[in-house]
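J.: One letter stands for each residue in the lines below.
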Amino acid sequence: MLVEFPFERRYVVSIVRVSLVVSLTAVALSTLVSVPLALAVGRADFRGKGAVVALVNTGMGLPSVVVGLVVLFAVSSDGPLGTFDLVFTPTAMILSQTVLATPVITGVSLAAVTSVEEGVLDAAYALGGARLDRLLVTVKEARYGILTGVLAGLGRAMSEVGSVLIVGGNVARADGTSVTRTLTTAIQLEARQGRFGLALTLGAVLLALVLLVNGVLLRLGGRRV
Amino acid sequence: MQRAVRDRRGDATDGLTLSAATHGFGAGPVLEDVTLSVRPGETLAVIGPSGTGKTTLLRLLAMFDRPDEGQLRLDGTDVWTRDERGRLAARRRVGMVFQEANLFGASVRRNVSYGLRVRRDWPTRLRAWLRRKTGAPAPISVTDHLSVVGLADAADRNATDLSGGEAQRVAFARALAYDPDFLLLDEPTSDLDPRNTAVLEEAIDTAAARGIGVVVATHDMDQAERVADRVAVVLGGRLIEVGATERVFGDPEDPAARRFIRGELVY
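Protein sequences, first through last, are from chains Y and S. Numbering (the working numbering) for the first sequence: 1 to 225. Numbering (the working numbering) for the second sequence: 1 to 267.
Next up, chain S with everything else stripped away, as it sits in the complex:
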């Protein structure tokens, strides 16, 4: 399927790029020599079997961990050479949704507005806190963000009362609320029913149409084919193939990638 050409926001130097990155947790590298880039407005699917390093790859992109070797560049600047303040500013341009919703034990409104609130200065936050304690109405409207995931009326519900599908949709709205430049999704629909999956895939399209660069790690190849402009295949901690979705699924160059896509690769 050839997706519509989108109005990209940046030039060729824009993007989130992992360059020759190797990373591990003691017993050998989980990811080895990976170079991968996502540009504003495109959706990149990272596919591969479970345990192959997709989550580690996303955590490197989200700046949870510094790669043992290699670089992570945001718009051409190595984020790990910046000081903590600079890195926080870089982090605040990237959002991530996890396999679990990981919502805070608070209302949906508080969850969705979190990213906006932490970006305010402390005096503003303290004033907002005092207003809230005195019963003033919430200054941040989250209805628009929730309507993207079909939960416009859920703002005042407690996050702990949501179903799994609703919680994941709120997690998605929460990551989109502060309008990140890049959005990383780690198996976001693996525990969801088809209806919730369809809602989230539509929201991914909406995000990319807004110019957000989206990376979706998934082992669901049908989903990758549905949502992605480009696909990266990760096997055994190595990036073995990356290219346009139609080309990778139609005619993969790497033999292992071909076997994985055809479902022949036993892992």
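Just chain Y, with the same shape it has in the complex:
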């Protein structure tokens, strides 16, 4: 047997819970920021738009270790968020994953928003749509692209190791349950300690989770696959 139950069962469940809570919260926050940002940049004409798009696209490749370091500094006692005592907490991990996922969701959503045909928005205008109605049409027409962005952001968040290791510290309680240990950081730890069976099991769980969450999001988005 690869995993020694029941100890590993509690261990695995707590890791899965932390992974899901951190990643889903981060992606939800990122989506709240990214979609309005993509709409604002995608539908407006302003000076420096090209530079903003380039910045967003550059952000899609942000090195996670660098993000982890910056967030660690921000939440450390000398940083601007030092008073909140967030070092090695799930909140700090959410913060770093939000920073990592936001450019991904914004970039993909931006591409989707700008690809909405002008004629369809003209139709909404001609049919009596107000400004908000036309924005809603934009979101609706771009929904599959936006959903792809959310899924890409989720993929980035759930597979993340470097920044969560730095800001979360991979902490577990004395009974082995996770405080800031995620599936990815646990895999890294178990593999380093030579427990390849458990590491592989955690890897399989991670893959199954990503598949499950993607399936649920696709279903909610009404995408025909």
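Rather than coming from a laboratory, the hints here were simulated on the basis of the structure. Keep in mind the model is a prediction, meaning the values are calculated, not measured. Just so you know, even glycine gets a beta-carbon here, dropped at the ideal spot from N, CA and C. The reader is advised that the hints may include incorrect statements.
Label pairs and their computed distance ranges (CB to CB) [claimed, not checked]:
#1 S:ALA27 - Y:LEU217: 43 to 49 Å
#2 S:ASN158 - Y:PHE73: 49 to 55 Å
#3 S:ALA198 - Y:ASN57: 46 to 52 Å
#4 S:ARG132 - Y:VAL52: 35 to 41 Å
#5 Y:VAL52 - S:GLN99: 29 to 35 Å
#6 Y:ALA54 - S:SER147: 47 to 53 Å
#7 Y:ARG219 - S:ALA138: 18 to 24 Å
#8 Y:LEU217 - S:SER147: 36 to 42 Å
#9 S:ASP68 - Y:VAL216: 50 to 56 Å
#10 S:ALA20 - Y:VAL52: 36 to 42 Å
Chain S is faced by these chain Y residues, among others (derived, beta-carbon under 10 Å) [as the list claims (entries may be wrong)]:
#11 GLU117
#12 VAL120
#13 ASP122
#14 ALA123
#15 ALA124
#16 TYR125
#17 ALA126
#18 LEU127
#19 GLY129
#20 ALA130
#21 ARG131
#22 ASP133
#23 LYS140
#24 GLU141
#25 ARG143
#26 TYR144
Computed footprint of chain Y on chain S, listed as stretches where at least three residues anywhere in the stretch have a Cβ under 8 Å from a Cβ of chain Y [what the hints assert, rightly or not]:
#27 102 to 113
#28 174 to 181
Starting from the known structure of chain Y, arrange chain S on it as the hints suggest.
T.: Showing chain S alone in chain Y's frame:
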């Protein structure tokens, strides 16, 4: 052909009127000093070669753009002097169908009911949305609107599955569904086969008979002769002739209009 006299809905001040309008997009005016009016219940054809400013003219009438000079008046009021709310109310009395169908990626029912839905207040819309999410039947029937264009059974089809002709007919039903006072059609049949063209021309007649003022921009002079009460000839961004269909086609006053109508004008 002399068309039957129709029961007009308004008096002489009613109508959608472009007055001394000039408009361009940077490199000189596309339209220059155009004055043109459409009244409730009449069909006005705007003819002219491609690129002569017909679409710009329709977009000014539909309030997409504010004319650089001149006015757009709806029932005597300059719409561009009104605030955004007033202009939205004015826009909602005018519908437009484009050369492309430009349907939303949704069902035919959702497309046709769009104009009706955006006219509701937000609490009503939110309640309707919640009802839809819980699987309640659609509160807005679109069958009557679709039957005008011969697609009464198409409500539940996805708009992306329609043929080009069907899509354009749905676009027409969508613009008529909220009963606008004026309907602007920009080359609505240029990509359609004769059968779909005949269906749409019949729908144009039906709309005008309901008292809707219709403007059709077309380069198909046979179509203009078939559907219009009056014809306006636009050449090089200027309105060079406007009058009753029979008179303009039978005896145009302007020499350039005469050459264009006879097919002699090379452009």
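J.: It remains to establish, for every hint, whether it holds in the given structure.
T.: Comparing the hints with the structure gives:
1. S:ALA27 - Y:LEU217: 43 to 49 Å: At roughly 47 Å between Cβ atoms, LEU217 of chain Y and ALA27 of chain S fall inside 43 to 49 Å, so the hint holds.
2. S:ASN158 - Y:PHE73: 49 to 55 Å: holds (51 Å)
3. S:ALA198 - Y:ASN57: 46 to 52 Å: Holds - the Cβ-Cβ distance for ALA198 of chain S and ASN57 of chain Y, about 50 Å, lies within 46 to 52 Å.
4. S:ARG132 - Y:VAL52: 35 to 41 Å: About 36 Å separates the Cβ atoms of ARG132 of chain S and VAL52 of chain Y, which means 35 to 41 Å holds.
5. Y:VAL52 - S:GLN99: 29 to 35 Å: holds (33 Å)
6. Y:ALA54 - S:SER147: 47 to 53 Å: For ALA54 of chain Y and SER147 of chain S the Cβ distance comes to about 52 Å; the hint holds.
7. Y:ARG219 - S:ALA138: 18 to 24 Å: holds (22 Å)
8. Y:LEU217 - S:SER147: 36 to 42 Å: holds (39 Å)
9. S:ASP68 - Y:VAL216: 50 to 56 Å: holds (53 Å)
10. S:ALA20 - Y:VAL52: 36 to 42 Å: holds (41 Å)
11. GLU117: For GLU117 of chain Y, the interface hint holds, since the closest Cβ of chain S sits about 7 Å away, which is under 10 Å.
12. VAL120: Status holds, d = 5 Å.
13. ASP122: holds (7 Å)
14. ALA123: holds (4 Å)
15. ALA124: holds (7 Å)
16. TYR125: holds (7 Å)
17. ALA126: Holds. Min distance 4 Å.
18. LEU127: It holds, given that the least Cβ distance between LEU127 of chain Y and chain S is near 4 Å, below 10 Å.
19. GLY129: With a minimum Cβ separation of about 5 Å from chain S (threshold 10 Å), the hint on GLY129 of chain Y holds.
20. ALA130: holds (6 Å)
21. ARG131: holds (8 Å)
22. ASP133: holds (5 Å)
23. LYS140: holds (7 Å)
24. GLU141: holds (6 Å)
25. ARG143: holds (8 Å)
26. TYR144: Holds. Min distance 9 Å.
27. 102 to 113: holds (count 5)
28. 174 to 181: holds (count 3)
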